[in-house]
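Put together the whole structure using the sequences plus the hints.
The working numbering runs 6 ahead of the 1-based position in the sequence shown.
Derived from the structure by calculation, the hints contain no laboratory data.
Cβ atoms here follow ideal geometry from the backbone N, Cα and C, with glycine treated the same way.
Errors might be hidden in some of the hints.
Said to hold, decoys possible - Derived DEER-like restraints, expressed as beta-carbon distance ranges: (1) L73 - P159: 24 to 30 Å; (2) L193 - G83: 18 to 24 Å; (3) Q511 - L210: 47 to 53 Å; (4) A209 - Q511: 54 to 60 Å; (5) F251 - M39: 32 to 38 Å; (6) A209 - Y444: 52 to 58 Å; (7) G61 - M39: 28 to 34 Å.
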Amino acid sequence: MTPFLRLCALLGLALLALNTASAQSVPPPRALMLDGSQNTLPLAGRSTFWVDDSGALTPQQLETRYLDLPFGVRARGSRVQLAQGAVLWVRFDAEVKDNSAHWELELTHSGTDRVSLFHRRADGSWHAQHAGDHIAVRDWAYPDRYPVFALDPRLDQAVTYWVRIEHARVPFSGELLVHNHNTLRELRIHQQFLLGAYFGMAALLIATAIANALVFRDTSFAAYAIYVTVLGLALAASLGVGGQFLWPAWPRWNSLAEFVLLPLTAVSGLLFVRHVVQPRRIGRRLDRLALSLAGVFMVLTAWDVVHPTTTSLQAVTAAGALTMVLVYAMLWAAWRTGDRWVRWIALGVLPVLIAGTLPVLRNFGLLSSGVLSQYGMVMAAAIEAPLLIYGLLQRSSMQHEAQTRARALALTEPLTGLTNRHNFMLRLHESLVRAQRYQHRSALLLIDLDNHGWFAETHGREVADRALVLTGSLLRSVARDVDTAGRVNDSTLALLMEGPVREAQVVAAATSIVAGGLRPSNQLPVGTTLKFKVVLALLPDAASSSDLESNAQAHLDWLRSGLDTLRQENRRTILKLNF
Numbered sequence: 007m008t009p010f011l012r013l014c015a016l017l018g019l020a021l022l023a024l025n026t027a028s029a030q031s032v033p034p035p036r037a038l039m040l041d042g043s044q045n046t047l048p049l050a051g052r053s054t055f056w057v058d059d060s061g062a063l064t065p066q067q068l069e070t071r072y073l074d075l076p077f078g079v080r081a082r083g084s085r086v087q088l089a090q091g092a093v094l095w096v097r098f099d100a101e102v103k104d105n106s107a108h109w110e111l112e113l114t115h116s117g118t119d120r121v122s123l124f125h126r127r128a129d130g131s132w133h134a135q136h137a138g139d140h141i142a143v144r145d146w147a148y149p150d151r152y153p154v155f156a157l158d159p160r161l162d163q164a165v166t167y168w169v170r171i172e173h174a175r176v177p178f179s180g181e182l183l184v185h186n187h188n189t190l191r192e193l194r195i196h197q198q199f200l201l202g203a204y205f206g207m208a209a210l211l212i213a214t215a216i217a218n219a220l221v222f223r224d225t226s227f228a229a230y231a232i233y234v235t236v237l238g239l240a241l242a243a244s245l246g247v248g249g250q251f252l253w254p255a256w257p258r259w260n261s262l263a264e265f266v267l268l269p270l271t272a273v274s275g276l277l278f279v280r281h282v283v284q285p286r287r288i289g290r291r292l293d294r295l296a297l298s299l300a301g302v303f304m305v306l307t308a309w310d311v312v313h314p315t316t317t318s319l320q321a322v323t324a325a326g327a328l329t330m331v332l333v334y335a336m337l338w339a340a341w342r343t344g345d346r347w348v349r350w351i352a353l354g355v356l357p358v359l360i361a362g363t364l365p366v367l368r369n370f371g372l373l374s375s376g377v378l379s380q381y382g383m384v385m386a387a388a389i390e391a392p393l394l395i396y397g398l399l400q401r402s403s404m405q406h407e408a409q410t411r412a413r414a415l416a417l418t419e420p421l422t423g424l425t426n427r428h429n430f431m432l433r434l435h436e437s438l439v440r441a442q443r444y445q446h447r448s449a450l451l452l453i454d455l456d457n458h459g460w461f462a463e464t465h466g467r468e469v470a471d472r473a474l475v476l477t478g479s480l481l482r483s484v485a486r487d488v489d490t491a492g493r494v495n496d497s498t499l500a501l502l503m504e505g506p507v508r509e510a511q512v513v514a515a516a517t518s519i520v521a522g523g524l525r526p527s528n529q530l531p532v533g534t535t536l537k538f539k540v541v542l543a544l545l546p547d548a549a550s551s552s553d554l555e556s557n558a559q560a561h562l563d564w565l566r567s568g569l570d571t572l573r574q575e576n577r578r579t580i581l582k583l584n585f
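Now the structure itself:
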């Protein structure tokens, strides 16, 4: 045999020896010393695991055959994909050194189908504890958010524990921790406080959204309430809160809740974003794609519930990933429109889109379960909720402002915002009737913007309109709460002062209007001011015939004739007709 062939033979024997060694069971790690020096000890690196593909072996059989089975050390973040009917076994030893504390094993992950802990008592009999989604939470060994089991309190004697885990379709990567009982209770109190804060905030926002939907008849708030409700239930299911408090006696629903509610959250979120941003304004393709994907998603979810397989779960997960991409596309298209409220909606949804990738990666076996995958969605939802409600309130405010303006056009003049001619004439008629009935006098001021035509000819129509707007603002500042200011024609405005009024009040109002117009304004060209001609009269006129006492048009024509007379006098700005 040549030296080269000898070398190949030696390498082959070495590889065979390595493979044989790796196939044999590794010795069990050292026992956990529960002496109180550490209140929490992870089993990662301190336990061994093996997958029983048949799922038929018992703890006693494993105990007998342990050295013959290929157990390996279970490292932190280990992920195991279990086939249908397969069981994951985890073995560890623990020795209690401190008799003042009780020790418990916790699986820091909800959604596991079935978890059991076995160990031999001091008399040699087997003791079993069970938990998991396939068992009603009230029937668990210790009802809690996550599976929790008590360890044997025997002192100074190592006890071997066998953890049996059934978890189909989703790769199992939950972490096993041994806690001091007091430490675990304190941890639960902190967790429940923070989760209670989120769920309380969610309930308040749902009530607020429903109230806004009913009061303002805005369906966007109703869609938001549905989305937040489904999201809250999905988070309750994934965090174990639902099984602990909402459906502790329904194991069938407890095992299905996460697989049903998470897809429903994606669908309701997709339809909520579609309803709010209205992608059909941007393009019909996005709108049709959103509706189509929502329908496909619901069909896939129904398939996964009726006939759950790994393939159906991956199809639902892929649909969830596509939904997040589509929501991002709709928000990006809406963001480019420049609407401020859309940007608040987009900023609110973005953290949930980012956190939503974690369960997708976990279901595809690309990410291990951990604190981020467990609580990432809760943190994202807590950030999302106030941003979304603020964005919706801004959107509703803009819509109602436009509707209010549209309704106000029936009563107000659109340029100046003052009462329009028709409504002003009604107010004038009513004022004349009241003055006649109660024997008092009101006042009418007719104000003409004398240089309106000059503004239009010299500086353009835009500046002339701006001068009218400033005139309207000046009249509103002079008018009392009971007075009415209106525009009666192109450059003439009127102020009705409800009675009883004194002559001095009317003259003071006219003087204030003329003086206010002469003050410089940054809204007008440099060196220009508003020049007014004001005619004022007390109504009804005592010298007029009885037929004109309640005739609003006759009184207005009377003041117009006075205004025509005043225009012929360049130096005079105020004309008093009957006082």
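Verification of the hints:
The given range of 24 to 30 Å is respected by L73 and P159, whose C-beta atoms sit roughly 28 Å from each other. For the hinted restraint 18 to 24 Å between L193 and G83, the CB-CB distance of approximately 21 Å keeps it satisfied. The hinted range of 47 to 53 Å is satisfied by Q511 and L210, whose Cβ atoms lie roughly 52 Å apart. For the pair A209 and Q511, the beta carbons lie near 56 Å from each other, so the given range of 54 to 60 Å is met.
At about 36 Å, the beta-carbon gap between F251 and M39 stays in the expected band of 32 to 38 Å. Taking the beta carbon of each, A209 and Y444 are about 56 Å apart, inside 52 to 58 Å as hinted. At roughly 33 Å, the beta carbons of G61 and M39 sit within the given window of 28 to 34 Å.
Violated hints are absent here; each numbered hint is respected by the structure.
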